[in-house]
Amino acid sequence: MSDISRSINKVDNDEKITGKAVYIDDIKLENMLYAKTVRAEITSGTIIGRHYPEMPTDYHIVDYLDIPGNNYVKIIFEDMPVFVKDKVGYYGEPIALVVGPDKQVILDIISQIVFEYDAIAPIYDYVDSVIHYDYEKGVGEAVFEPANRVIEYTYETGYQEHVYIEPQGVIGDTDGDKISVYGSIQCPYYVKNALINTLGMDEKKVRVVQTTTGGAFGGKEEFPSLIACQVAVAVKKIGKPIKLIYNRVEDMAYTTKRHPSTIRMEAAIDEQNNILGFRAHVSLDGGANIGLSSVVLQRAMIAATGVYNINNLAISGDVYRTNTVPTGAFRGFGAPQMIFAVEMFIHHIAKELGIDPLILRNKYMAKQGDSTSTSGHFRDPIIMKDMIARAKELADYDHKIKLYGEHMPTKDMPGIGMSWFLHGCGFTGSGEQKHIKAVVRLHKDVGDIVTVLVAAVDMGQGIKTTMRKLVAHVLELPIEQVIMHNPDTDLVPDSGPTVASRTLMIVGALVSQAAEKLKENWLAGKEQIFEEKYKQPKYIQWDEESFQGNAYPGYSWGVNIVEVAVSPVTYEVTLKGTWSVYDVGKAIDERIIMGQADGGLLQGISYGMLEVMENKDGMVQQKTVTDYIIPTASDTVNMITELMDNPFELGPFGAKGAGELTLIGGAPAVALAIENAIGKSVTKIPVTPEYIMSLIEGE
Amino acid sequence: MVLSYRPVSYADALSILTKVPVTIIAGGTDLMVKKRSWSNLAPTFDGDVMFVGHLEEISYIKKLEKSNQKRIHIGATITLEELLYHKDTPEILRQALGVMASPAIRHTATLAGNIGNASPAGDSLPVLYILNAIVVLASSSGERQVPIEDFILGPGKTAINSDEMIKEIIIDDCNFGTVYYKKVGGRKADAISKVCFAGCGSKVDGQITDMRVAFGAVGPTVVRVRSLEEACVNAHRALQLSVSEKPSEDGLVEPSKVNFDQGDESSNSIAREQLDSETVKKFADYVRPIDDQRSNAIYRKQIALNLLKDFITKL
Amino acid sequence: MLSGANSAANSEIYNKIKSEISSKVSNEVSNEMNSELSSKANNTVKNSMSKVTFVLNGQAVESSENPTKRLLDILREDHGLVGAKEGCGEGECGGCAVLLDYKIVNSCLTPLGSVQDKQVITIEGLSLSTEGQTIKKAFEDYGSVQCGICTPGMMIATASLLHHNQKPTEAEIREGLSGNLCRCTGYNMIVKAIQYLADEKGELWC
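Sequence lines, in order, name chains A, B and C. Numbered per my numbering, the first sequence spans residues 1 to 699. Numbered per my numbering, the second sequence spans residues 1 to 315. Numbered per my numbering, the third sequence spans residues 1 to 206.
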């Protein structure tokens, strides 16, 4: 049997390349109406008066009064209204939909709608904490008492907007009895559960179907539940199909983004320059609705020591509510913020102690068997030492870091930086067992065609190909005999959301198990169904209250080296090269992982140096792709990437999570490279030319 | 309902202009964004439009010499991409074109459109200013020529009359010793300028004879200060003369033969540095950028002056 | 009603809405006047466009739509050619790219009237040609496709680039793609596919 990593032609290449793939805005249903969102024009306050114009026939305004069930979107923290009733939490918050057949008439109606508001003073500072956690390891805070020295730094990270090239969109439809929602969605069952809650309908009367999704990166994890609920309420009221597609400005300004953060790090140092312990506080800006911010905070806090083993910890964190657009899931989910802080911090500690950062990092690098930040254990082999050596060799790192650190006067200021990082794969702690409870099915028909029935969504990461590959390999069938469709909740069980880098590692493992069972019991020419349910491995003991135990079943690891040149005239940063090594256990398709690696690293680097989104008076300032800068092909370089196998015993064919890992190291690597180039400490991202200038000119 | 006109010829276009007020669409790459509405609704032009992009008669770039003046004439409808690859396009303009927008936009956008749009961040504008561009406006009653600095009045505002269209742009045809163009955007391609700088100059026997600089995106319109350019050239000449008045070894002075570039390095270069710094300082008063969603005033100003300094040093 | 402390801000918003309504009304009036003028002028002005004819994927077509309408909308709504996507509506992402006389343009910025007598090729047309099939194979072999939303635009950009430059350098390839945004791939596997096409299949574009 051939090596599963060997790449194959992706199963959806043909339709995507020829333009035949159907995305939500490509769909037109008979008698379909259009919807546009009417939004709040204050940042905080109450609606005290509504003036709707006389509505022409066939046109409707849909608002909170039309909601049959509950007026909140079922996420984790249930504070997001489907339609604002009275309290406005952020500028642009949806108050209503105007629905009808002609778009110009809809715009005319919207221009006649008037709301009266009682505005109250908005909050933008981190003062209203809605979620608070803290945990300790070893002696916790007490380690700071005998400390010879305390080194303290505060790091800041900004927003990151997903800029999936396909904006958000859904279509709702009904046959009079059942409501269906089609859309660009990562989590069909999240949407279904939200619809059940908002429509007050039985689960058999609600159906969700994912359409080919043009990028998501977490931005379509929880947000689609909001627009799905809005459109479903409208469909229930009006009884016709309704399409709601966001234009790019709406999407940039009013959908969820990565949490901005402020992270204060303190290290207790003894007389021999040992790191005795860390104390850290993580502040996340949750925006107006908390949503799943608690889980983002958890993940960030758990990542407080990065790849290092630090014996004593006192970690705390808060999610603050502010009158700004709600923040939410984005690839990495709290880890990119924290890993940036940790990687910069260990370098800044080294600088203050006059030690070579590499020596300090190697000293505290975690080894197999070491305890994690939450007093669990790194059960599995860690091959970082080999990965680091290989990355350094590829990049000629040792030679360059010394040379560039000497700051010879050159036409441009070169610099090189290296980040080490990890990502806990799967849901934090007992999320899989307590909340998700994944179920998968394999269906074989009388023609011996096997269909994979899971709720997992292919959003570009290639799972339609890799999932089918897994099954084909186990069953020793050609891949053409294995099928997987875009999930339809009428047809697939709830195998959980497409998030947390869990799809191949957790869902794929269950699918492989089902395939093994099917193989053992194969009956040619007969219809067969096999189901598998998630069982939490015994070693995952996790106490949610105290943050103690094994937070994740396994970890993926990575090394990024980034080389830059900084212009001494304009302070612009040019990427000169990147070299990366990743341990994702085993690649189910090598070319797919390499593609994920390129894309993730560029998103991470871009998060670190290019993407600026500011909030002024509660309004996003960069709300077009002209103003919010993401890289073009001219902004990047050829990336050198290698994978090192380190099979994970619970992953299918040894695979671990890969979807988020490759984004996490980019920002610290590029920030460290710029630091090396300019000889000044970087404490915030994005490291824009404006910020570089302020560091060099000492403002 | 908005009417669209498609003239069959350049003369026809001028004739249409006398009869109805129209918005002129060449490439449309600025207008179609400005006027955009919801998908599948027509853009919100509030009057009739006239398409001119297809008019071959005014799509050209040609070198002409008139009364010993060498000039380049660029027709209104030649696209940026055609200009980029044309042998007669001056190097500094080529550099600007190369970093404008994207291939897709350059395939239909025009210089005339860039001028008509009059954006403070227009990438080609600083180059046109230093090439002493003249905008030729045509109507059915004739043509008039307006220097570009008088044509662009402010952001989005020009001196065009409602019965006129831009026919061509005339620029200097010079062989500059040094050309320098730098656009600083948010990224390497397809970006709006934060700061933009164009400089060109020439030397004869080490003496600066011509120096022109212009800044974009640091004010409501392009900043070019001819008086300071002249003063800079004169100051360089004065410095050179004072240097050359140092007696040579045999006690003789030969001012006209002194080559600044080969002079006594240390004292010359210190004096030169000082002069350059003073020049930069004088320009600083004219560079008054703002804060906006793309960058801030402090950065824009500093970089504008850094670029000026870099250019002068290279001159 | 409006509470005292905030009435200034609120009446600002209220007045803004009111003035928008009234300007819409006055726009309507001036539009009426304009169209009266135009129709008067029409009697003496010829050449107001009523139909636009062009060649679409090799076939002659005619449209009576408003000539200022975006080509993107004509393609998607009137011809069912949904391969061109609206990713931004401002000519930045390249998701709407088509070939106009074999040069890449953003159809979201191209008014219908501009394509009179021209050749428009969309991804649907390109993918049927030998060039399109060749680019497709390269994209498949090099892993250039992830979520696929930018892919039709990237195909168009590749065809346009190679048509004008059969031996592009890496920098020229990146430049040729600079108007097409991709958030998934990091671009490199697309660049490599094009390098392969330039090295091995260049004769197709001569």
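Take the hints with a grain of salt, since some may be wrong.
To be verified - Below are the BS3-like pairs computed for lysine-lysine, each with C-alpha atoms no more than 27 Å apart in a straight line: (1) Lys103(C) with Lys34(B); (2) Lys204(A) with Lys434(A); (3) Lys201(C) with Lys137(C); (4) Lys192(C) with Lys576(A); (5) Lys192(C) with Lys87(B); (6) Lys623(A) with Lys87(B); (7) Lys684(A) with Lys188(B); (8) Lys66(B) with Lys616(A); (9) Lys576(A) with Lys87(B); (10) Lys282(B) with Lys34(B); (11) Lys576(A) with Lys118(C); (12) Lys201(C) with Lys20(A); (13) Lys437(A) with Lys464(A); (14) Lys411(A) with Lys400(A); (15) Lys87(B) with Lys411(A); (16) Lys434(A) with Lys205(A); (17) Lys411(A) with Lys35(B); (18) Lys103(A) with Lys35(B); (19) Lys103(C) with Lys20(A); (20) Lys240(A) with Lys85(A); (21) Lys35(B) with Lys616(A); (22) Lys178(A) with Lys576(A); (23) Lys464(A) with Lys20(A); (24) Lys351(A) with Lys363(A); (25) Lys51(C) with Lys34(B).
To be verified - Among chain C residues calculated to face chain B with C-beta under 10 Å, some are: (26) Val52; (27) Gly58; (28) Ala60; (29) Leu181; (30) Lys192.
Simulated from the structure, these hints should not be mistaken for laboratory data. Even glycine gets a Cβ: it sits at the ideal position worked out from N, Cα and C.
How the hints compare with the structure:
no.	hint	result
1	Lys103(C) with Lys34(B)	holds (24 Å)
2	Lys204(A) with Lys434(A)	holds (23 Å)
3	Lys201(C) with Lys137(C)	holds (11 Å)
4	Lys192(C) with Lys576(A)	holds (17 Å)
5	Lys192(C) with Lys87(B)	violated (31 Å)
6	Lys623(A) with Lys87(B)	violated (39 Å)
7	Lys684(A) with Lys188(B)	holds (22 Å)
8	Lys66(B) with Lys616(A)	violated (55 Å)
9	Lys576(A) with Lys87(B)	violated (32 Å)
10	Lys282(B) with Lys34(B)	violated (37 Å)
11	Lys576(A) with Lys118(C)	violated (41 Å)
12	Lys201(C) with Lys20(A)	holds (25 Å)
13	Lys437(A) with Lys464(A)	holds (22 Å)
14	Lys411(A) with Lys400(A)	holds (17 Å)
15	Lys87(B) with Lys411(A)	violated (30 Å)
16	Lys434(A) with Lys205(A)	holds (26 Å)
17	Lys411(A) with Lys35(B)	violated (44 Å)
18	Lys103(A) with Lys35(B)	holds (16 Å)
19	Lys103(C) with Lys20(A)	holds (22 Å)
20	Lys240(A) with Lys85(A)	holds (24 Å)
21	Lys35(B) with Lys616(A)	holds (26 Å)
22	Lys178(A) with Lys576(A)	violated (56 Å)
23	Lys464(A) with Lys20(A)	holds (17 Å)
24	Lys351(A) with Lys363(A)	holds (15 Å)
25	Lys51(C) with Lys34(B)	holds (25 Å)
26	Val52	holds (9 Å)
27	Gly58	violated (20 Å)
28	Ala60	violated (18 Å)
29	Leu181	holds (8 Å)
30	Lys192	violated (19 Å)
Checked against the numbered hints given earlier, this structure breaks hints 5, 6, 8, 9, 10, 11, 15, 17, 22, 27, 28 and 30; the rest are met.
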